[in-house]
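Following the hints, complete the assembly by docking chain B onto the known chain A.
The residues making up each chain are set out below.
Number of protein chains: 2
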Amino acid sequence: MPSTFVIAQGGGPTAVINQTMAGAVLEIRRRHPKARVLGSRHGVRGIRDGDYVDLSDIPEEQLLRIAATPGAALGSTRDKPDAAYCDVILEGLKKADARAFIYIGGNDTAGTQQILTEAAQGSIAFVHAPKTIDNDLEENDHTPGFISAAEFVAGAFLSVDLDFRALPGIYVGIVMGRHAGFLTAAAAAWRDEDTDGPHLIYVPERAFSVPRFIDEVKATLARHRRCVVAVSEGVTTADGKALVESIVPADKLERDAHGNIKLSGSDLSRAFENALAEGLPGKRARVDALGYMPRGYIGAVNAVDAQEAFDAGVFAIDAADKGGGSVALKYEGGKTVLKLVPLANVAGKTRHMPDDFMLPDANHLSEKGLEYLRRLVPGRFKIGRPFV
Amino acid sequence: MPSTFVIAQGGGPTAVINQTMAGAVLEIRRRHPKARVLGSRHGVRGIRDGDYVDLSDIPEEQLLRIAATPGAALGSTRDKPDAAYCDVILEGLKKADARAFIYIGGNDTAGTQQILTEAAQGSIAFVHAPKTIDNDLEENDHTPGFISAAEFVAGAFLSVDLDFRALPGIYVGIVMGRHAGFLTAAAAAWRDEDTDGPHLIYVPERAFSVPRFIDEVKATLARHRRCVVAVSEGVTTADGKALVESIVPADKLERDAHGNIKLSGSDLSRAFENALAEGLPGKRARVDALGYMPRGYIGAVNAVDAQEAFDAGVFAIDAADKGGGSVALKYEGGKTVLKLVPLANVAGKTRHMPDDFMLPDANHLSEKGLEYLRRLVPGRFKIGRPFV
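From first to last, the protein sequence lines are chains A and B.
With the UniProt record's numbering, the residue at position 268 of the first sequence is 268, and numbering never jumps.
With the UniProt record's numbering, the residue at position 194 of the second sequence is 194, and numbering never jumps.
In isolation and in its complexed conformation, chain A is listed as follows (with noise of 0.2 Å):
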């Protein structure tokens, strides 16, 4: 039987992401002790262009150090495979020696690894293991990574509440995420009174109208003499299109290997700027984005993400070693379980932040949601009430 199992990270980066590559080596380590364990570079292209990094040896101290950074210690990537990259990966795989391949990523690359597992017909088996700031991941109730961007967002709105608390006006956040909520919504995790912020939630799953923002800034602000907003960068206007794109022609959109358009510049926070300035003549505004910082800030590695992004590592070898799938982490009996379940139900999906996780005719979080939202970020400070 072939003896390497070759390990990859793919999409974006998370705080946690490197737990799970070393759940997988030690798992593989205790099972398998004289299979040799290779960490593909930059995902797929690792295996296409045989650069590879021996991870059969490494001490665990070692091992354990690059689990608890940030960042994707192997290398990432954007790409997304077609049938002749595939045919590319699958002989790479068999020149390395594999029995298993196991590809840590989110909804992108659960895909890659459901088109090689067609093409291997049997001799290898794929897995897939979770990742993404996103939680925007089918099968899962939150996924590997979520819950420190989470708690960053969550601790960064509740500081930046307490600042416009002091020298009032309209603060904008936004908040990475190109189809699902979640990490926008983890803004209100930490609200405690019905005055703090942030005031306003716009996600990507209900329709975003300017004037209708404008309005409801406008009524914030005669409440609590200042608005605090946190709104993704992927919400839509009712035509379905993202927002961005009713600003920047359509030539001019910068889009990546899997068409998605880029969200990450300026133009969004131009389009809040200038819509409050016209809707807000006058007024105090400030849009910032949270850009890069959610998704791997060294200050807010969460302790239970990290034990589950490890779990879901060591659990991705029995999923290997039973014929591959792709881990998910389900809530049963008040508690977080790994299940291994079809990649087909993962792959290219996305799991949308639920309706009723908003209020019907609010832009805020219905108890629901931010039931959800504190099980997994429970308040971690305990802040004096200011004076203001």
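It should be emphasised that the hints constitute simulated quantities derived from the structure, not laboratory data.
Small disclaimer: the values here were computed from a predicted structure and weren't measured.
Check the hints yourself; a few may be wrong.
Any copy will do: because identical chains look the same in the list, a pair fits if it lies in one copy or spans two.
Claimed, not checked - No farther apart than 27 Å at their CA atoms in a straight line, the calculated lysine-lysine pairs in the DSS-like style are these: (1) K368 / K335; (2) K368 / K95; (3) K94 / K241; (4) K252 / K218; (5) K335 / K94; (6) K80 / K322; (7) K283 / K252.
Leaving out everything else, chain B in the frame of chain A:
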């Protein structure tokens, strides 16, 4: 003798400005158990409007919880009083039976205290207690609020650099700092090896040139495959103008009451995006403004910073009893010590980052600059080196 101490907070909030307030209140209680302590809401506005919170009997536990909370619990202001406004403030202070006014803030706040001192002619003690994330106060080795902000910035750039190792490209992070580059320079505090980012540091003290910037990014990409850049929002071109002034038409520049140009918008981000798109077409480039997060992120409140800010509040009451002045943090004999200095030495002045904190011929820190930053912000995380 009048028996009331008035305390207020001015300028941008920080992670530890409430520590200074708490230190002052507790020291007043200790020295003058019968004195009344009034917190003026929103800086001098509260004195003008008679809008006070009575801090005389607030339980110590509540006060210490507020002390540990970022923001400015009394509210803040950017008002810069003229002579007429100062007359109103003086009248308000007399009406409140004030013996001393402790104003926590930066160089503009010290300026207000200087004007008031001259106008009051000795009837009231005016004390300036230092606070600013910009670290730009004369007479100070460093200022309360800077260490926490610097720790956030150091962690943010360490984290983003790990992210860009995994998915290479160009990252530009824009950091608050109008005239002084200290906070931007802090991005490099936790660099460990030569390959680590940030690879380029641009501060307001050095003239910024777009063509040179592009050349330096190109050279960094050739060496490291990625380029992580930290840039101050206040970088200026050789003609002495803020970079943002060369982008935005003069009549569209937003200014505050002090005549300062608003730097925190998306204009600067866009300028960098455009420069990179033109100079390095097709290269993955991302520009984030760190915005408000460094100045009060609840997850990066530094314990030394908190203690120093508290101590500055305590010392401010000794200063009040001695007739007033500005509290300064000196570094002597290997430790931080507090001294009373004349308001005129601090008021309206800007301490720039010393020229020899940067290499003479490169946009990077010198050993001297790094030594200073590492003394204030020693490494907090031991990372595992990535394989890419």
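A quick look at each hint next to the structure:
1. In this homomeric assembly, K368 and K335 come within 27 Å of each other (Cα to Cα) only inside a single copy, at 17 Å, whereas the closest approach across copies is 51 Å.
2. Proximity of K368 and K95 under a CA criterion of 27 Å is satisfied in neither setting, with 50 Å inside one chain copy and 52 Å between copies.
3. For the homomeric pair K94 and K241, neither the shortest alpha-carbon distance inside one copy (43 Å) nor that between copies (61 Å) is at most 27 Å.
4. In this assembly of identical chains, the alpha carbons of K252 and K218 lie at most 27 Å apart only when taken from different copies (23 Å versus 33 Å within one copy).
5. For a Cα distance limit of 27 Å, the shortest separation of K335 from K94 qualifies neither inside one copy, at 39 Å, nor across copies, at 62 Å.
6. For a Cα distance limit of 27 Å, the shortest separation of K80 from K322 inside one copy, 26 Å, qualifies, whereas the shortest one across copies, 71 Å, does not.
7. For the identical chains of this complex, K283 and K252 are inter-copy neighbours only, at 15 Å across copies versus 31 Å inside a copy, given an alpha-carbon limit of 27 Å.
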